[in-house]
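Number of protein chains: 2
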Amino acid sequence: MVNYPNGKFSNRSKIINYSRRGMSLEEDLNLTNKYYLEVNRAVIYKKPTPVRIVDVDYKSRSTAKITEAYFQSPSTTDYNGIYRGLYLDFEAKETSSKTSLVLAMIHPHQLEHMKKILQHQGIVFLIVRFSYHDETFLVFAKDLFEFISETKRKSIPYKWFKDKGILIPYNYQIKVDYLSVIDTYVFGGKI
Amino acid sequence: MVNYPNGKFSNRSKIINYSRRGMSLEEDLNLTNKYYLEVNRAVIYKKPTPVRIVDVDYKSRSTAKITEAYFQSPSTTDYNGIYRGLYLDFEAKETSSKTSLVLAMIHPHQLEHMKKILQHQGIVFLIVRFSYHDETFLVFAKDLFEFISETKRKSIPYKWFKDKGILIPYNYQIKVDYLSVIDTYVFGGKI
Numbered sequence: 209m210v211n212y213p214n215g216k217f218s219n220r221s222k223i224i225n226y227s228r229r230g231m232s233l234e235e236d237l238n239l240t241n242k243y244y245l246e247v248n249r250a251v252i253y254k255k256p257t258p259v260r261i262v263d264v265d266y267k268s269r270s271t272a273k274i275t276e277a278y279f280q281s282p283s284t285t286d287y288n289g290i291y292r293g294l295y296l297d298f299e300a301k302e303t304s305s306k307t308s309l310v311l312a313m314i315h316p317h318q319l320e321h322m323k324k325i326l327q328h329q330g331i332v333f334l335i336v337r338f339s340y341h342d343e344t345f346l347v348f349a350k351d352l353f354e355f356i357s358e359t360k361r362k363s364i365p366y367k368w369f370k371d372k373g374i375l376i377p378y379n380y381q382i383k384v385d386y387l388s389v390i391d392t393y394v395f396g397g398k399i
Numbered sequence: 209m210v211n212y213p214n215g216k217f218s219n220r221s222k223i224i225n226y227s228r229r230g231m232s233l234e235e236d237l238n239l240t241n242k243y244y245l246e247v248n249r250a251v252i253y254k255k256p257t258p259v260r261i262v263d264v265d266y267k268s269r270s271t272a273k274i275t276e277a278y279f280q281s282p283s284t285t286d287y288n289g290i291y292r293g294l295y296l297d298f299e300a301k302e303t304s305s306k307t308s309l310v311l312a313m314i315h316p317h318q319l320e321h322m323k324k325i326l327q328h329q330g331i332v333f334l335i336v337r338f339s340y341h342d343e344t345f346l347v348f349a350k351d352l353f354e355f356i357s358e359t360k361r362k363s364i365p366y367k368w369f370k371d372k373g374i375l376i377p378y379n380y381q382i383k384v385d386y387l388s389v390i391d392t393y394v395f396g397g398k399i
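Protein chains in written order, with this note's numbering: chain S, 209 to 399; chain F, 209 to 399.
Hint data in this document are derived by calculation from the structure and do not stem from the laboratory.
Some hints here could point you the wrong way.
You can't tell identical chains apart in this list, so a pair holds if it fits in one copy or across any two.
As the list claims (entries may be wrong) - Cross-link-like lysine to aspartate or glutamate pairs, in silico, DMTMM-like; alpha carbons within 25 angstroms at most: (1) K306 - D351; (2) K370 - E246; (3) K362 - D385; (4) K350 - E246; (5) K398 - E343.
From just these sequences and the hints, can you work out the full model?
Take a look at the structure:
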């Protein structure tokens, strides 16, 4: 907040934050990854949505039209790639809840996958946006698994994210600058 | 070939090879990656086919049916994952030609992607199966780019694969044991 000479506080930054609420975490991550790619900082992509194709209409040779297909549950996380020579892998979730993230939002296959990546020494984490609070956290997989093993809760409290998560900085060019967190915590030796 | 006491050669190995011709390279790679995953040797997946979804029928709540969608050209290679702590990335192509692989089979976006992975120090390569010869080769990206930069040819001759490629061993359990090639050439310091 800017402290104006007349002693009043401007709510401007708050307004700017609200204005970007229209963007989903997925859109923000796509822009972020595109930016990272353009400046050659990292090569990270979202995997396509897995779809089981049942029927295709080949009438028009140039554009085959899929006429029957079904969504499949993912075997892996949605995002992976390479950063500073290392394998990087994450899942992203957005919730409108004020108080918690429902664990069922993360598919068991995805948790299994994250565990395997951890074993193979990849950088693996979760990005969670609490849209109500307009905050996006990075949570390292090892912390996530610690939480899961220590509790029988079916959701992770917002407070836990405040404690164990790392708030991901936002800026106009890099919507969700999660690599700055990786720089500090993984390459900076904080983890 | 087995040298029988009567001096005749058995064609048995040839027959066995022929019998697996029904399997596509993609199927063989899926089985291979599944095996690597099961024995916890590596975590490597094929990315889902990219599809642009236009219309979905939500009539039945449990199974949303996609009724209009189109294939998209891929931005990246089809396969990636982690092996021995390193990022690994490849594209797989199968040809029925006796003499060459048409370069147009590899999408320009995929070549761009491979170049970027090379810059970021990932392990990146091409797996090419010549189904006529029943041979599957691994070609490292740097050799592929050397070929492309040195020639204006629109296809890569089979002979070049014999020279620059590494024949990938086949066995019953591991259909396309490409990680054994990575072990020898990348970790064994042959490259």
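Evaluated hints:
Only within a single protomer do K306 and D351 lie at most 25 angstroms apart by alpha-carbon distance; the minimum there is 21 angstroms, versus 53 angstroms between protomers. In the homo-oligomer, the alpha carbons of K370 and E246 never lie at most 25 angstroms apart, since the shortest distance is 32 angstroms inside one protomer and 36 angstroms across protomers. Taking identical chains as interchangeable, the C-alpha atoms of K362 and D385 are never at most 25 angstroms apart, the minima being 29 angstroms within one chain and 41 angstroms between chains. Taking the shortest alpha-carbon separations for K350 and E246, only the inter-copy value of 22 angstroms comes in at or below 25 angstroms, while the best intra-copy value is 31 angstroms.
In this homomeric assembly, K398 and E343 come within 25 angstroms of each other (Cα to Cα) only inside a single copy, at 22 angstroms, whereas the closest approach across copies is 48 angstroms.
In this structure, the earlier hints numbered 2 and 3 are contradicted, and the remaining ones agree with it.
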